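Chains as they are written, first to last, in my numbering: chain A, 1 to 336; chain B, 1 to 336.
No wet-lab data here; the hints were simulated from the structure.
Since we're looking at a predicted model, the values are computed, not measured.
One thing to keep in mind: the hints can contain errors.
It does not matter which identical chain is used: a pair holds within one copy or between any two.
[What the hints assert, rightly or not] Below, computed lysine to aspartate or glutamate pairings styled on EDC-like, alpha-carbon distance capped at 20 angstroms: (1) 39 / 328; (2) 126 / 110; (3) 7 / 328; (4) 39 / 245; (5) 39 / 22; (6) 7 / 330; (7) 39 / 162; (8) 7 / 329; (9) 39 / 232; (10) 126 / 101; (11) 39 / 25; (12) 126 / 34; (13) 126 / 38.
2 protein chains.
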Amino acid sequence: MNIVGEKTIRLAHGNGGRLMRELIDRVFARHFSELGPDKTLDASPFSLPTGVAITSVDAFTVQPLEFPGGDIGTLAVNGTVNDLAVSGARPHFLTLSAILEEGLEIAVLDRVVASLAAEARRTGVKIIAGDTKVVPRGHGGGIYFTTTGIGVRNTGVTLGLDRIQVGDAILVSGPIGDHGIAVMLARQEFDLHGNIRSDCAPVIDLAEAAAALGAHFMRDPTRGGLAGVVNEIASATGFGLRLDETCVPIRDEVRGVCEILGYDPYTLACEGRVVAIVAQTTAREVLAAWRDLAGGESAEIVGTVTNPPARVVLATSAGGERILPELEDEPLPRIC
Amino acid sequence: MNIVGEKTIRLAHGNGGRLMRELIDRVFARHFSELGPDKTLDASPFSLPTGVAITSVDAFTVQPLEFPGGDIGTLAVNGTVNDLAVSGARPHFLTLSAILEEGLEIAVLDRVVASLAAEARRTGVKIIAGDTKVVPRGHGGGIYFTTTGIGVRNTGVTLGLDRIQVGDAILVSGPIGDHGIAVMLARQEFDLHGNIRSDCAPVIDLAEAAAALGAHFMRDPTRGGLAGVVNEIASATGFGLRLDETCVPIRDEVRGVCEILGYDPYTLACEGRVVAIVAQTTAREVLAAWRDLAGGESAEIVGTVTNPPARVVLATSAGGERILPELEDEPLPRIC
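Chain A with its partners taken away, still in its complex shape:
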């Protein structure tokens, strides 16, 4: 993919003049087509169905830009779409900002934007506004995206930390840690190879199925992983959470890499999973619904909400117990 013979991003691609216009036309507008904004507008009108409007924003700085199972484009769509989905909302629109680094191969940008467009079509969102900046070599990461999602809460859905009760079941929609390990292996910093693919995917169907069955609370375990979500729930509700290690789905390969590198799989990011807190009486029903959906085949009931104190206890496969903390001082940079 050439832009008037150019193969890499130059500072002039961000100057607001002809080269920037051409870059936008030939990469972003070309892939977005009917999905994208009117380029003659500085600001775009949009129209939501009636209901409670919901918004969420995420920046994406993943390194490398492309990894097995996804790239920064699929991540930029799903990361934001999923925040809306687990809040009980249907995503409708995204805005997109791209901070490009001088020297970036335009072929890479082209692939990633194509992939972002495909994922937006798959999830049913339109990209209604965009912005492109170029930073000098050594001041960026190739591509940084930020997406803001705008959607509408689904009718009748009432999710909230305040709906969580002692005795509720904790469900996870699939194996944890795939995204984190796929990205780390793709960096080739370690002499490790594997077939792990990122779980990066929209969770709209999974979230809507659980919400329709009266789920009390949902969250997608991205940065901070499952450990982050359950600790956040403990700290916000004052309840304890008890996870059964033997029930938490973790691929053998993920577990193996974690053991070698010293990572805790519970703190690794997922990008296509849902953690749901549901009444014990409906837990099996939610589980069955999830297992019938794409991406939910390996869903499990992994634990229970318990009485205070507010802490997360992991019942280990060896028959013991340990406190599962949130991430403290670990850097774990640029996995999303």
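Take the given structure of chain A and dock chain B to it, following the hints.
For chain B alone, coordinates are given in the frame of chain A:
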């Protein structure tokens, strides 16, 4: 401003765990207070007045982060708010993403976020969603912000490129190029010093005054400057635009720096100016209204929309004429 004794941003401030939560609490949430989002939510509900909803997104990568007359915080508010304002909309909400670089002084972040919060209060927008990422040293610019603005079009306002007619007057709300020169001098790359302050400011009042008087089209001349806006109009409408150099307000100091460094002031970014195209019959009225408003004291009528061909002609002070092109290959990086 210390965060548990820390003075600089570390990678762990972006890991989704305790340090990230503390950073958000002690910097972002502290300054945003009633202005900011509910931190327990991944996605935030918002409610707009009835009318046409409008959105716009901008990334901010300015270097240095602080400059005379503003900083990346004031810029992140005004850059997006002004895109909505010149589209005839009243801004209500912003989402904010922050990409921080390892090693950033937390004191700098604290000042810039305080300044962003103050500007949001001044412009009447709430910050309803946020996200923070940390990238390794040498992969960022200290702070990159992206803001998405959400607003509602003011009743009765009809602005559009299609409303521009031959004979219309071209107005500028104040001196051009102040922001671009203020930022470039603040970089101290040249042995030049001056008292030029950025014009960074909200243009909500200026835009509403012009729209109320029936302006046909408005734009804020940011990247690409006045030259960019008028060339965009020429190219979109097929009309010519004629500017009278003697009428275009440019500070002597800006002109002086441009002469020394070889910059064209017409291509320099403004961050608090409006270019309006209005019917010749109402031009004086808009001018008078602007001159009564803060930031519009030096407004001028600077030219006229003419018959095709689509090009911008500058009538020079020497009595000649020259074509005023948009930016071509100039890098001009990181002024916004």
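Each hint, compared with the structure:
With identical chains, the CA atoms of residue 39 and residue 328 are at most 20 angstroms apart between copies only, with a shortest distance of 19 angstroms across copies and 44 angstroms within one. In this assembly of identical chains, the alpha carbons of residue 126 and residue 110 lie at most 20 angstroms apart only when taken from the same copy (18 angstroms versus 35 angstroms across copies). In the homo-oligomer, the alpha carbons of residue 7 and residue 328 lie at most 20 angstroms apart only across protomers (17 angstroms), although the nearest pairing inside one protomer, at 42 angstroms, exceeds that limit. For the homomeric pair residue 39 and residue 245, neither the shortest alpha-carbon distance inside one copy (51 angstroms) nor that between copies (29 angstroms) is at most 20 angstroms.
Taking CA atoms no more than 20 angstroms apart as the test, residue 39 paired with residue 22 passes inside one copy only; the shortest distance there is 12 angstroms, against 40 angstroms between copies. In the homo-oligomer, the alpha carbons of residue 7 and residue 330 lie at most 20 angstroms apart only across protomers (18 angstroms), although the nearest pairing inside one protomer, at 37 angstroms, exceeds that limit. For the homomeric pair residue 39 and residue 162, the shortest alpha-carbon distance between copies (14 angstroms) is at most 20 angstroms, but the shortest distance inside one copy (43 angstroms) is not. In this homomeric assembly, residue 7 and residue 329 come within 20 angstroms of each other (Cα to Cα) only across copies, at 15 angstroms, whereas the closest approach inside a single copy is 40 angstroms.
Proximity of residue 39 to residue 232 under the C-alpha cut-off of 20 angstroms is restricted to the inter-copy arrangement: shortest distance 11 angstroms between copies versus 41 angstroms within a copy. With identical chains, the CA atoms of residue 126 and residue 101 are never at most 20 angstroms apart, being 25 angstroms at best within one copy and 31 angstroms at best between copies. Taking identical chains as interchangeable, the C-alpha atoms of residue 39 and residue 25 lie at most 20 angstroms apart only when both belong to the same chain, with a minimum of 9 angstroms there against 38 angstroms between chains. With identical chains, the CA atoms of residue 126 and residue 34 are at most 20 angstroms apart within one copy only, with a shortest distance of 8 angstroms there and 31 angstroms across copies.
Proximity of residue 126 to residue 38 under the C-alpha cut-off of 20 angstroms is restricted to the intra-copy arrangement: shortest distance 12 angstroms within a copy versus 26 angstroms between copies.
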